[in-house]
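Colleague: Fit chains B, C and D to the known structure of chain A by using the hints.
Protein chains in written order, with this note's numbering: chain A, 4 to 434; chain B, 4 to 434; chain C, 4 to 434; chain D, 4 to 434.
Treat the hints with caution; some may be incorrect.
Because identical chains share one entry, a pair is satisfied inside a single copy or across any pair of copies.
[What the hints assert, rightly or not] Using 27 angstroms as the maximum straight-line C-alpha spacing, the simulated DSSO-like pairs for lysine-lysine come out as follows:
id	residue 1	residue 2
1	LYS174	LYS49
2	LYS418	LYS198
3	LYS418	LYS20
4	LYS198	LYS252
Keep in mind the hints are simulated off the structure, nothing from the lab.
Every value quoted in this text rests on a predicted model; they were computed, and no experiment measured them.
Protein chains: 4
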Amino acid sequence: MTELKIEAALVAAENDKRRAALKADYHALGEQLSRRGIDIDAVKRKVAAYGVAVPSWGVGTGGTRFARYPGKGEPRNIFDKLEDCAVIQQLTRATPTVSLHIPWDKVADLGALKQRGEALGLGFDAMNSNTFQDQPGQMHSYKYGSLSNADAATRAQAVEHNIECIEIGEKLGSKALTVWIGDGSNFPGQVNFTKAFERYLDSMKAVYARLPDDWRIFSEHKMFEPAFYSTVVQDWGTNLLIAQELGPKAFCLVDLGHHAPNTNIEMIVARLIQFGKLGGFHFNDSKYGDDDLDTGSIDPYRLFLVFNELVDAETRAAAGFDPAHMLDQSHNVTDPIESLMISATEVSRAYAQALLVDRAALAGYQHGNDALMGSETLKAAFRTDVEPILAMARLENGGAISPVSCFRASGYRAKVAAERPAVTGSGGGIV
Amino acid sequence: MTELKIEAALVAAENDKRRAALKADYHALGEQLSRRGIDIDAVKRKVAAYGVAVPSWGVGTGGTRFARYPGKGEPRNIFDKLEDCAVIQQLTRATPTVSLHIPWDKVADLGALKQRGEALGLGFDAMNSNTFQDQPGQMHSYKYGSLSNADAATRAQAVEHNIECIEIGEKLGSKALTVWIGDGSNFPGQVNFTKAFERYLDSMKAVYARLPDDWRIFSEHKMFEPAFYSTVVQDWGTNLLIAQELGPKAFCLVDLGHHAPNTNIEMIVARLIQFGKLGGFHFNDSKYGDDDLDTGSIDPYRLFLVFNELVDAETRAAAGFDPAHMLDQSHNVTDPIESLMISATEVSRAYAQALLVDRAALAGYQHGNDALMGSETLKAAFRTDVEPILAMARLENGGAISPVSCFRASGYRAKVAAERPAVTGSGGGIV
Amino acid sequence: MTELKIEAALVAAENDKRRAALKADYHALGEQLSRRGIDIDAVKRKVAAYGVAVPSWGVGTGGTRFARYPGKGEPRNIFDKLEDCAVIQQLTRATPTVSLHIPWDKVADLGALKQRGEALGLGFDAMNSNTFQDQPGQMHSYKYGSLSNADAATRAQAVEHNIECIEIGEKLGSKALTVWIGDGSNFPGQVNFTKAFERYLDSMKAVYARLPDDWRIFSEHKMFEPAFYSTVVQDWGTNLLIAQELGPKAFCLVDLGHHAPNTNIEMIVARLIQFGKLGGFHFNDSKYGDDDLDTGSIDPYRLFLVFNELVDAETRAAAGFDPAHMLDQSHNVTDPIESLMISATEVSRAYAQALLVDRAALAGYQHGNDALMGSETLKAAFRTDVEPILAMARLENGGAISPVSCFRASGYRAKVAAERPAVTGSGGGIV
Amino acid sequence: MTELKIEAALVAAENDKRRAALKADYHALGEQLSRRGIDIDAVKRKVAAYGVAVPSWGVGTGGTRFARYPGKGEPRNIFDKLEDCAVIQQLTRATPTVSLHIPWDKVADLGALKQRGEALGLGFDAMNSNTFQDQPGQMHSYKYGSLSNADAATRAQAVEHNIECIEIGEKLGSKALTVWIGDGSNFPGQVNFTKAFERYLDSMKAVYARLPDDWRIFSEHKMFEPAFYSTVVQDWGTNLLIAQELGPKAFCLVDLGHHAPNTNIEMIVARLIQFGKLGGFHFNDSKYGDDDLDTGSIDPYRLFLVFNELVDAETRAAAGFDPAHMLDQSHNVTDPIESLMISATEVSRAYAQALLVDRAALAGYQHGNDALMGSETLKAAFRTDVEPILAMARLENGGAISPVSCFRASGYRAKVAAERPAVTGSGGGIV
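Just chain A, same shape as in the assembly (with noise of 0.2 angstroms):
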């Protein structure tokens, strides 16, 4: 039996208050969709059985390196962020792993750690390593780089904290290690490009040497930040050669907020699936850098283009396509819970639009260089409102119609805030 964080009563009278006008819009759709040739029944299936991990730090308050403002109730370790993320899970249904951040998250019994997991009905997504800051008492620092530094000592520290990542995901039951590094430089001249890039593609042969045969790696590129002139995994044609270099089990993460200005990131998606390259996702949105926004708040029609991509692989089956899905947002000015909420809601709203478009007729307006009516099939399933699709699938799931409204009414801030120490300080936030 999953331990339920907010009470089941609780869900079932805030459901009550607004099943009725959720069967009547759910009705009205699957009329309309009828109409159009969906079986509204199914596509709810398909949205009812997605899911999408959530960042372990995704459920602390984030912040810039101006401030960092606290949250009430901010989790104080692992065991309190997974009591967290039980909450999102139990009210959305759509986010049944977690995706834990090393040494952040480490402990000391990671059987404990598990069986927790599973107590709260949740399971261990993709492990992420961290040399892109000094722990206290580590050796080599990472000041000027990890995976790519100049120092042969350093980098070794680096491949031994990845593969350190490995063991503890080993016993969690993570099936996958997604690197990210802030490599890179501030100046003109201050690295070599070539030779860094070797010395991170030999540090990363390492830790590739010792994933277990059924692990992915998956690396991570990012246009910039921390790193301010040049960032070694700087874009995904930097990403496709790593994944090429290192062997079947490495593949590309794409993080939505890590391209250059007005790139079309759907078209990369594209790439990397037609070359059986595509690992997965770190879903955020973002207007001007890696923002880290809650996932469809700026753009919703980008992330449904996205999502376009990924329904038209599924459909045609694209040899190897098997992308992870995970949130990744720094939640400075909201409650993060509901922000991971909303965010997850998102992410199944676009896979559901996805779902709805009408392939057969877009590839015959591809095929005749109909641009009009090719768009217009795209958009006529981006305005379908497929709230009533999510709402029910959550709702036959166990979850809440409505989940922000029911984790406000159910006072767990409140009740964790009183529970867990204030966080003093605002230094700069890191997620």
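Modeller: Frame of chain A, contents of chains B, C and D only:
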């Protein structure tokens, strides 16, 4: 009696195919909106009363500096263009006026032109001058600028041209002049920024002096193209200075595609409203630069956020708020009539969605710093599928439930293709 | 007698090593400039008289939201910072003043602080307020804004803080207040743009009312960060409105890294000069966003083009032209003292290069639309290696021919590292 | 004997005016470089041996989609163009080859064309195909794409055209084919990214199959324009995949203006070198998009940083390193001959500056994480005024110390203006 370019019987027959489904969808949406405290008919009435101007040049096929690929049945002159515009208005009932470009649309008999517009049920919106091209027989070249040219005679010629545009517009019933110039530079050092802007302001003051009392003048900013290092009216800051320097009849025109990457355009709109200087819009969409893509085709949420500001201003009856709305797009790969119909619909859609925003709740969330619910309030309005409202407004106004289907069924394009000789050549296209 | 932090004998010895080569280079350059009609000594005198302020926070090691990697011997307080600033001034003779940040630099005994500055030969430049962070014990949080906060008490607190900064500055001999706020939003709908700006203007008017007659107030625009959807003072257009609304003592401050991608910054500078509202600069360089990299390290020609506008205004004695010059950088991977010395030199370099522009010839080319020669005229000035002029100015002013070599030879960093305890921790860094 | 378009006596007379000053500057610079351990004559020899190809279309006046303002004496055909190119080569001695564009430069008698090139001292660089425009009488239109068109016959036509370019090139002594296409889409949904790229690869494989053994094929990526939503070869990631898929004779061509805003281009260059796939360059400069401005006119340090990578690769004899160098610019407001002469000089300048980098010191700083001195090492090379080296290399090779002055003194433009009829019309321009 308005002359109809598409047979009424055909429109009726097309509508008959879709009427029952529309009624069902409209009814279901009405129920849902009613639960949200919104009267669907009230929204429909506002949408029905809303219109956006069509640019005369928009009904021709556009192009790029690399090539222009002509379409079939392209209009040969302003009279052909008016006919195409009439089709758009007939089917969408959302484009009651046409905006002319001089000298492209110059004719000897303005009375005949006005009469033709009236016969087709079309009014004349803002006049557009053209000092970004040289015309055959023109005395002074605009190669190095027009209103800001270092040469006084060239500036005088450009001023005269703008005055001529006013004079033509007066005879047609227009009430505004839109001034967009390509002046700028391709090299640091080519132009003295300050002197060029002084000259521009002097020229514009001469035009302004001739502006009738009940007219407005709109200046339009643009970051780059056709000048690639500096542009005289490069952004809304400079545009604001122009409107301030000229006087109370001078306003700023916002083309959605004329900004730097990542710019928050809706915020510029809000600022211009706040200071009484928003003149109006050139609607289109873009991903990279002044792409002149179909409105709402790339980032529909951005379009909605602009309309959110407009409806907010309308709701609170902001002082001096009376923006002009016009489409301005380059149709390179679609039938221009189809693109303009869809685009007019997209503008109406954004307007309808913005009307659905629960402004009282929004104000409360904003006052209480509930960022998440502020966001959700906008998104709830945006994700409502308002197509039934738009279609019902069209239907009841005598238009088509599905303008593109109706247009295709009408055979209009084939008919005009037979009448209008094919344009040959494949030079760069101008929009 | 100014207290020197680096022994004069060491400086002299270092200079001796380089004096002969400098003389030869200076002589050769003088010959070449003479052929171009330029008196090298006149340029040198202008450069020698030029100075740029150092920000007190600049002498600490910066960081990002991901990590801060402390350096050795970081200053513990404003007195330590002054000593580091004195080193910069001693060796470069280009940084005679320091700009303070309150409350970071707040001390009980302002008289002692002023005296310490005088002893070290340093004056006090513009004061900087801080309402983008919460301070321990602060009544109202700035999590949701400061001068534009929806809550009146929070705004009043922020106004009071700015007034306190003025009061402190008055005691130190400062003559300006720089106001940069992080206010904005992370979600569409979080904030009402218009109301927020109204509140901001009201708050600023309250600060302005307290401004001494011989002071100026500088508002600083920034596109994004720490707010990632909208920023209250997002660009120079809004900044201009602020300066206009406040009055004749209000001016716009331009930070080179605070603009949208591709923005022509030198043109903004020209516009602000033309309309009498250029307050000054925060110099730095950037490639992606507000990277706060060392001035001139990424795009030195852009820096030159800004100075080209400044020298142009200086030459024609533009009305009201009196900009403040300050460095504002985040030194994450270098010794801050070294970076600031180099950066001060780069600013002087751009100034010297701009002084070499043949302005009469340039005006002629511009009038005659000779774009190529206009460009060549600027480039001829830019590509002149003015290092001998800068070095000679330093030498003759008592500074170092090679400030970095001299600094490294001095052992200053090791000395202060021994005195100042290492900062521990690796949280996000703030600059 | 090479036929000279500018009288040798005039060149000599012009050089006489500047020889003494050049000698003095060269001597002084030699002294300074000698102190830095650099042999100026060795640098001069490398510069003298360096050349960049001129595009045949570059000697015509370019334009934008809005207008093209013809210049005087524009070349009417490839023979006129060769004459203009010969002038550039005569005066700069840095542009020994011309790159042709088919069908623009197609002639019946290729033997005569080759002979004419030889007479003028010009060789033939890479061939350029054109499938981004329709030609009169062409069977299938490229409106919806060429090599990636959904229609097999259209693709076959585009393949045939590329093969024809190879065949022409073989007769002229060319050894490479550059393929740039405008294929892409203007709407989400218009094109299936994956299928379009599959078709593109198939087409290119057909072209590759016909490539002579001693030829190379260069594919060129570009972010956008003429397609404004997606472009088939949108970035170096896709370009790399193309080169990998095609085989060992396939390489990536980098046009400096074809990237997303803020992109670190020099890093892309480094990656392509590292993986043996750098084919060459289209040099130009840009501020906003594919502005095609004169090389080095906007950001000369960026150009230097690219050459820093090239010289680094040259120095360490990187495997497979043999990039082709070509200018590719649109001259809208200058005399194309003058712009190309200056641009050729700028490319040589960047090369000379990069040769001055103290690579041993740089490697040491990089190994020791001395970011500041790494930066300073590059900047010391960049800020060296190498004009005396360039001018001396030109002089000694028989060119002009000041090519533009010499060209203006020659009256060449007036002469050809009298011979070549003025181009009329002001349509959009194509480059």
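Colleague: Compare the structure with each hint and give your call.
Modeller: Now for the hints, and whether the structure bears them out:
1. When the C-alpha separation of LYS174 and LYS49 is checked against a cutoff of 27 angstroms, the pair qualifies neither within a copy, at 30 angstroms, nor between copies, at 61 angstroms.
2. Taking the shortest Cα distances, LYS418 and LYS198 never come within 27 angstroms of each other, neither inside one copy (53 angstroms) nor across copies (34 angstroms).
3. Only within a single protomer do LYS418 and LYS20 lie at most 27 angstroms apart by alpha-carbon distance; the minimum there is 24 angstroms, versus 57 angstroms between protomers.
4. Taking CA atoms no more than 27 angstroms apart as the test, LYS198 paired with LYS252 passes in both settings, with 24 angstroms inside one copy and 25 angstroms between copies.
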